[in-house]
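Protein chains in written order, with our numbering: chain A, 11 to 92; chain B, -11 to 269; chain C, 2 to 189.
No lab work stands behind these hints: they were computed from the structure. Please note: incorrect hints may appear among the correct ones.
[Stated by the list, open to error] Taking CB as the label site, the calculated pair distances span:
1. B:Leu12 x C:Leu62: 33 to 43 Å
2. C:Thr133 x B:Leu12: 21 to 31 Å
3. B:Leu61 x A:Gly24: 32 to 42 Å
4. A:Pro48 x B:Gly179: 46 to 56 Å
5. B:Val177 x C:Leu62: 14 to 24 Å
6. B:Arg232 x C:Ala25: 45 to 55 Å
7. C:Asp157 x B:Ile145: 50 to 60 Å
[Unchecked claim] Coverage of chain A stretches by chain B, computed from C-beta distances (three or more under 8 Å per stretch; other residues unrestricted):
8. 12 to 22
9. 34 to 45
[As the list claims (entries may be wrong)] Partial chain C-side listing against chain B, Cβ under 10 Å, derived:
10. Arg36
11. Val42
12. Ile50
13. Phe65
14. Glu66
15. Ile94
16. Pro137
17. Phe140
18. His151
19. Leu153
20. Ala171
Owing to the predicted nature of the structure, the values given are computational and were not obtained by experimental measurement. Yeah, the Cβ is synthetic: ideal placement off N, Cα and C, and Gly gets one too.
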Amino acid sequence: MNGYVEAGYIVGLGTLGIYAVSLLARERAARRRLGLSPVPSSRARPDHAGARRPRRGVELRERAAGETVGGRPEADGPQEQA
Amino acid sequence: MSPGAGPGGGRGTAVLRVLGLLGLVGVVATVWLGLWVTPPDRFMGNLVRLLYLHPAIAWVMYIAYGIAFLSSLLYLWPRTRALAWDRLAGASSEVGVVFTGLTLVTGSIWGRPTWGVWWTWDPLLTTTALLFVLYLGYLAVRQIPGEREARARRSAIAALVAFVDVPIVYFSVLWWRSLHQPPTVDDPVTGKTYVHGSMAWTLLLSFVALTLVYAWLLAHRYRLAALADLEEGEGLELAIAERRAEAGGVPARGEEPAGADLVGAAAGVPDPGARGPGAGR
Amino acid sequence: MSDSTVLAPSVGPAGASVLSPAGAAARRARQARTRRRLAVVGLVLLAAIGYLVYKVLTSALVYFETASEAVAHRAELGNSTFQIEGVVVPGSIRQERPGGTGALGHAPAGEPPADLRFIIRSGSVEVGVLDTGAPPQLFQADVPVVLVGHFLGSTDSFSASQILVKHSNAYIAAHPGRVKGPTGKVVR
Chain A
11 MNGYVEAGYI VGLGTLGIYA VSLLARERAA RRRLGLSPVP SSRARPDHAG ARRPRRGVEL
71 RERAAGETVG GRPEADGPQE QA
Chain B
-11 MSPGAGPGGG RGTAVLRVLG LLGLVGVVAT VWLGLWVTPP DRFMGNLVRL LYLHPAIAWV
49 MYIAYGIAFL SSLLYLWPRT RALAWDRLAG ASSEVGVVFT GLTLVTGSIW GRPTWGVWWT
109 WDPLLTTTAL LFVLYLGYLA VRQIPGEREA RARRSAIAAL VAFVDVPIVY FSVLWWRSLH
169 QPPTVDDPVT GKTYVHGSMA WTLLLSFVAL TLVYAWLLAH RYRLAALADL EEGEGLELAI
229 AERRAEAGGV PARGEEPAGA DLVGAAAGVP DPGARGPGAG R
Chain C
2 MSDSTVLAPS VGPAGASVLS PAGAAARRAR QARTRRRLAV VGLVLLAAIG YLVYKVLTSA
62 LVYFETASEA VAHRAELGNS TFQIEGVVVP GSIRQERPGG TGALGHAPAG EPPADLRFII
122 RSGSVEVGVL DTGAPPQLFQ ADVPVVLVGH FLGSTDSFSA SQILVKHSNA YIAAHPGRVK
182 GPTGKVVR
């Protein structure tokens, strides 16, 4: 067409494509490091469904979890079913 | 495992895939209409075809920073405070920075043949460059080490500061003399739209397509942020598990929550309830 | 990645042993490195922000003077460089090449661009322009332009080193109804 138009589209859409692929790759790498399956599965959790606004309890639990980073790990140990 | 689970079977992922597909189709259609179907402009000739790229990218830039601003406010507001808002603000800002960079680059590529220069210190261009650097600064602030909540708080404040430039960029073409023209669609002064026919429809499509692309990128960037938070907690959990193992216990790891996070992310609604492992459920 | 990586207990970057003194020390060292790197990045960004704010205040706030304003401020502007804006007066464009015709065109290969003379107008004020740079491809009569340059000597004529073509926000099909789509169908 005239060079500028093509350059604009290639740079613009090409960059978005590279960014998109990089996000997917980073996501996969993070999931692998965490030992999760490469593709996420969303498990419906009863107390999660429809939870669209923060609940006080969650906030408090988040606080608690945050504190453990500060060096009191025993305060909030893993609570998964062993 | 509850029903509906399974590799790739998650609702969030399915919604995201549809979103990505729609965005991709929209972009392909925009390129086809923009490069082949629409007519050349009376004044610009074929250079008008960058109209179907550059304004839509700039539009997404505004949306991205708008969402980062709102989620930062929601984080700072005590009653809505949740790390999900911080993740959303960070995700939207990063996507916004990509789109700001592309606004500058595609604008430069358009400016060279139409104005005659790659760059000029016009108010719109200068304040947009400032916007780019301000949000790079915001992303740098996010990296400063510290306790998770403290990082979130200082990031939210930085996001509010950086956002000051957003309305300045938008109104710069009205407040000051500019080489850049005011918006073509819904001119803020006259309220009119100065593009018609297939050119107008293609312009509209480009806005829709790139908004969908933005939503897809945002959801994926949000997921990445959620995984990073999970990972941060995971290091801790692992250490605890090691200790337990040393003490004779058997550490168990289930396939944990990240996925659940993603339903909200895909719908563009953050799920403030989602958090790292170890949630009592 | 091999399966063993997946099956092995994952070791997050946060460190496998945050609890041990060695792990905590490693974490502190990593954070110190991050802070140093961020300090450098922060300084560069602050310098860039400072420069851009300076540009906003000096260049962007008054990006150009219209031709009539410039003539009104003639005394203060002296021979300083600034941007002047006006509409190219139809019929005023002359290209002066030795032995040339005076019509607007591009210089033959190997030759420097010929001096370009034209008049810009804003309101009722007209300013004669001598341009020494190559005009952009969209330069033509009746378009608004921004010129970079200065007044010549003590005259009200302007010497431009660069022409920037302004564009309105209106887009109009060049030949409505005559453009064919890829299928050969006329697209309106």
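Going through the hints against the structure:
no. : hint                            : in the structure
1   : B:Leu12 x C:Leu62: 33 to 43 Å   : holds (42 Å)
2   : C:Thr133 x B:Leu12: 21 to 31 Å  : violated (49 Å)
3   : B:Leu61 x A:Gly24: 32 to 42 Å   : holds (34 Å)
4   : A:Pro48 x B:Gly179: 46 to 56 Å  : holds (50 Å)
5   : B:Val177 x C:Leu62: 14 to 24 Å  : holds (20 Å)
6   : B:Arg232 x C:Ala25: 45 to 55 Å  : violated (19 Å)
7   : C:Asp157 x B:Ile145: 50 to 60 Å : holds (53 Å)
8   : 12 to 22                        : holds (count 8)
9   : 34 to 45                        : holds (count 8)
10  : Arg36                           : holds (7 Å)
11  : Val42                           : holds (5 Å)
12  : Ile50                           : holds (5 Å)
13  : Phe65                           : holds (6 Å)
14  : Glu66                           : holds (9 Å)
15  : Ile94                           : violated (15 Å)
16  : Pro137                          : holds (3 Å)
17  : Phe140                          : holds (7 Å)
18  : His151                          : violated (17 Å)
19  : Leu153                          : violated (22 Å)
20  : Ala171                          : holds (4 Å)
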